[in-house]
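Chains as they are written, first to last, in this note's numbering: chain A, 1 to 122; chain B, 1 to 110.
To be clear, the hints were calculated from the coordinates, so they are not data collected in a lab. Where is the CB? At the ideal position from N, CA and C, for every residue including glycine. Among these hints, one or two may not hold up.
Where chain B lies over chain A, by a calculated footprint (3+ residues, C-beta under 8 Å) [to be verified]:
id, stretch
1, 11-23
2, 58-66
3, 110-118
With a straight-line Cα cutoff of 27 Å, these simulated DSS-like cross-link-like pairs (lysine-lysine) come out [unchecked claim]:
id, chain 1, residue 1, chain 2, residue 2
4, B, 54, B, 106
5, B, 54, A, 65
6, B, 46, B, 106
7, A, 43, B, 106
8, A, 43, A, 65
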Amino acid sequence: EVQLLESGGGWVQAGGSLRLSCAASGFTFSNYAMNWVRQARGKGLEWVSSMSASGDSTHYAESVKGRVTISRDNSNNTLYLQMNSLRAQDTAIYYCARPLNMIHMAGNFDYWGQGTLVTVSS
Amino acid sequence: QSVLTQPPSVSATPGQEVTISCSGSSSNIGNNYVSWYQQFPGTAPKLLIYDNNKRPSGIPDRFSGSKSGASATLGITGLQTGDEADYYCGTWDSSLSAGMFGGGTKLTVL
């Protein structure tokens, strides 16, 4: 059974940093690109970042570019999101998500974690 | 404000059919696959449609997807009260090299 389990969320002051983790199991992690998607309370989904299966290609939303770094450890089946210079607008539930097909970098997300809440206090 | 435009809300009665539109541009919907997601309050989104019109295993055929040009549509037939949820379209934007979602549509089954 495919499982994605996020952790690392919490409360942080504006300007601070957090590192989110997503532990994957039930599939060959190193074969799939992985993504982070966030959702502010009462708002819609916002794609944040994606990383290729091998880790050699990354993409970021303009809203986080330069402040966020996606990375992965294929030996430990874990995806990370390092978030720096956090702003109140970054407050959201952060989900990791896996594309349905190994050929896709993003989209067609068939598995999602339960999410981890990041709260940035100004 | 989302690059992909969805109506904020739609409503219909049980048994009826409803469609939800998602409008984009040539750089996103026009040249990339569209997926659709269903989300209930407090839960993660669930993939309903991928590659414009394909249904993952376990998704009933009451749900359908289509795409024409830079617009996509999710159709739901035989509406049930359990279909009340938020629905999102998603795709990739080749110009921005970024993923994106529509703003979401709240479906009310009266």
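Hints and how they fare:
1. For the stretch 11-23 of chain A, the assignment as covered by chain B is violated, since 0 residues bring a beta-carbon within under 8 Å of that chain's beta-carbons and 3 are needed.
2. Chain B is given as covering the stretch 58-66 of chain A, and this holds because 4 residues of the stretch bring a CB closer than 8 Å to a CB of that chain, at least three being needed.
3. A count of 5 residues in the stretch 110-118 of chain A with a Cβ less than 8 Å from any Cβ of chain B is obtained; the coverage claim is therefore met, three being the minimum.
4. For the hint linking residue 54(B) to residue 106(B), the alpha-carbon distance of about 22 Å falls within 27 Å, and the restraint holds.
5. Between residue 54(B) and residue 65(A) the CA atoms are separated by roughly 32 Å; this puts the pair beyond 27 Å, and the hint is violated.
6. Distance restraint check for residue 46(B) and residue 106(B): the Cα-Cα separation of roughly 15 Å lies within the 27 Å cut-off, and the hinted pair is therefore satisfied.
7. Taking the CA atoms of residue 43(A) and residue 106(B), the gap is near 11 Å; set against the 27 Å cutoff, the hint holds.
8. The suggested pairing of residue 43(A) with residue 65(A) holds, with an alpha-carbon distance near 21 Å, which does not exceed 27 Å.
Hints 1, 5 from the earlier list are contradicted by this structure; the remaining hints agree with it.
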